[in-house]
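> Here the protein sequences line up with chains P and H, keeping their order.
Sequential numbering from 1 applies to the first sequence in this note's numbering.
Sequential numbering from 327 applies to the second sequence in this note's numbering.
Don't read these hints as lab results, they were simulated from the structure.
All values derive from a computational prediction rather than experimental measurement.
We treat Cβ as the ideally placed atom computed from N, Cα and C, and that holds for glycine.
Mixed in with the good hints, there may be bad ones.
[Unchecked claim] A few chain P residues that face chain H, going by a derived Cβ cut-off under 10 Å, partial list only:
no.: 1; residue: L31
no.: 2; residue: L123
no.: 3; residue: F137
no.: 4; residue: I141
no.: 5; residue: K152
There are 2 protein chains.
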Amino acid sequence: MNQFEKRYQRYRTVIDAKLASALRKSEPVSLYDPTRYVLAASGKRIRPLLILLSCEAVGGAANQAVPAAVAIEILHNFTLVHDDIMDNAPSRRGRATVHMRWDDNVAILAGDVLVAAAYRELLRTRSRAIAHVADVFTEGIVEVCEGQAYDKEFETLRDVSLNDYLLMIAKKTGKLFSVSTEIGALIGGGTEREVRALRSFGTSLGRAFQVQDDLLDITADEKEFGKRTGGDILEGKKTFLLLQAYERAAGKDRRVLRAVIEKRGITPKHVPLVKEIYERTGVIETAKQWIDRDIRQASLHLQKLRDTPARTMLFWFADMVLNRNH
Amino acid sequence: MNQFEKRYQRYRTVIDAKLASALRKSEPVSLYDPTRYVLAASGKRIRPLLILLSCEAVGGAANQAVPAAVAIEILHNFTLVHDDIMDNAPSRRGRATVHMRWDDNVAILAGDVLVAAAYRELLRTRSRAIAHVADVFTEGIVEVCEGQAYDKEFETLRDVSLNDYLLMIAKKTGKLFSVSTEIGALIGGGTEREVRALRSFGTSLGRAFQVQDDLLDITADEKEFGKRTGGDILEGKKTFLLLQAYERAAGKDRRVLRAVIEKRGITPKHVPLVKEIYERTGVIETAKQWIDRDIRQASLHLQKLRDTPARTMLFWFADMVLNRNH
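For reference, chain P alone in the conformation it holds in the complex (with noise of 0.2 Å):
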């Protein structure tokens, strides 16, 4: 194990231990009981990490930025629970959502309290940044709701162009990361010049981690991505795959695509032909270089910054988060 994979692993228990302690109560148990759950559920604490990482590369001291870290990642929990609902979820790492294992209503209330929770980790910040912190932190909220708006819109739309899934997942899942950053950077007493850079960094890293997991719905192997593949073609889920691919197709390729997107009779057995499609039309590749355009990007911001161990483990971090079937 390198040192920074040490360094990880070190910061990753000490949050999951103060996820673990962050809602100790016991009662009402249709509060608790699945809030410890989903809190309890493992996970590679990304955004805390960055929020940790963020810091000290401004040269802060990572354990001031803590209970912004514990924030995020209960923040982000209450966006998988509500989300989990909406799309009808089963499962997630691995075990049943919060409204499959009790029903919706304790999923609502759960993620309601979860917000609160967040809140209230956030708010024990001993910064002098903290109005700043908690303003940047309740635009992500904003933010990731709109996208999730957006993405439920597009379910039902026939016609969505890249443009607007672009927009949608730079809100839904890319706002969290430079949130992530920027609340780092903050906390770290970054200059203005630092801050802009690592919110930056986290947007273009936000950015690559979900075309990646676009990606890997087809790419991975199953087991180890945790996920059926095809899984999003099943759903007609609006990727950036699917409609770059809708873009440039023709003929019976788009007839094909134009079924995926309106969810009509496609079984596992289209699974490979749409792959083949997205082959054909180069859509795979694409991906590819939006993601190492960037990543380059990514980098380019960091490179604005001193150069500091917190700064290189930095980019080895944004390596490990994208390189996720590795």
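Please arrange chain H on chain P, whose structure you already have, making use of the hints.
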């Protein structure tokens, strides 16, 4: 119109205008149409008024407390939107609820963004006490969620004691009253003693308000109150009256109340019968006594403050709030 009535209407106009401009964005429409719809509903704005008047009662300027007053009303509306989903409520204040007019998903997300919008307004507060104010606000959300969780749990429990009920309404209804008075006092720069007195005033007023609400279900004029007389009875809602009467009743009366609690075959024609049992067991009288006692306690708390026009107006306002059917 007396001077207090005039001041009340003036403050209400300010709050309504700020609520109308709090969420001005138009897209995504599935997010901002419902939030605007909710905030445009007329209401008494009880909680915002409690903030403004509490701020004044400790010597602050109402103006300072306007962002927090707007925030508490947005937060209150978030709880209504989500509670209405959980309660399957078709209408509120004479209009379709969000989940009925749109759907559950839209209502979940609209509620979520209202929480963020509430914090956004709150964080506009310019006060040395802002960190404390944000803490109180956040704990308020936690307790309201706990109260709602208990309320839902009680629906499926056979036996709920009056004490359980009082704990539940203290969280579900009372808490936002005491949060309002406490926040107002904090923003106004009140002393510790003044803050405590106003918080206790809010707690007493909140309880009186809820017991009054239970009472109005069977005593109020249908047209004026806007709800169907005996609605709580038909729904088997475990109210102050039902729980207290069940503890006191015997024989056939007790069996009838058991049927109400278990929602077994209760129809509108049973409402007068249940009302008779309430009268026979004296619980209507008891509820009135409890309300009187809470009002007296609320007044005693106010008397710890300096005698100012704002304090007098708080007396007047508490009275207005509790005489909703006049």
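> Now, for every hint given, state plainly whether the structure supports it.
Here's how the hints hold up against the structure:
1. Against a cut-off of 10 Å between C-beta atoms, the interface hint on P/L31 holds, since the closest Cβ of chain H lies about 4 Å away.
2. Here the hint on P/L123 is kept, as its CB sits about 5 Å from the closest CB of chain H, short of 10 Å.
3. For P/F137, the shortest C-beta to C-beta distance to chain H is roughly 8 Å, which falls under 10 Å, so the interface hint holds.
4. Among the interface hints, the one on P/I141 holds; its C-beta lies about 4 Å from the nearest C-beta in chain H, closer than the 10 Å criterion.
5. The beta carbon of P/K152 is positioned within 10 Å of a beta carbon in chain H (closest approach about 6 Å), and the interface hint is therefore held.
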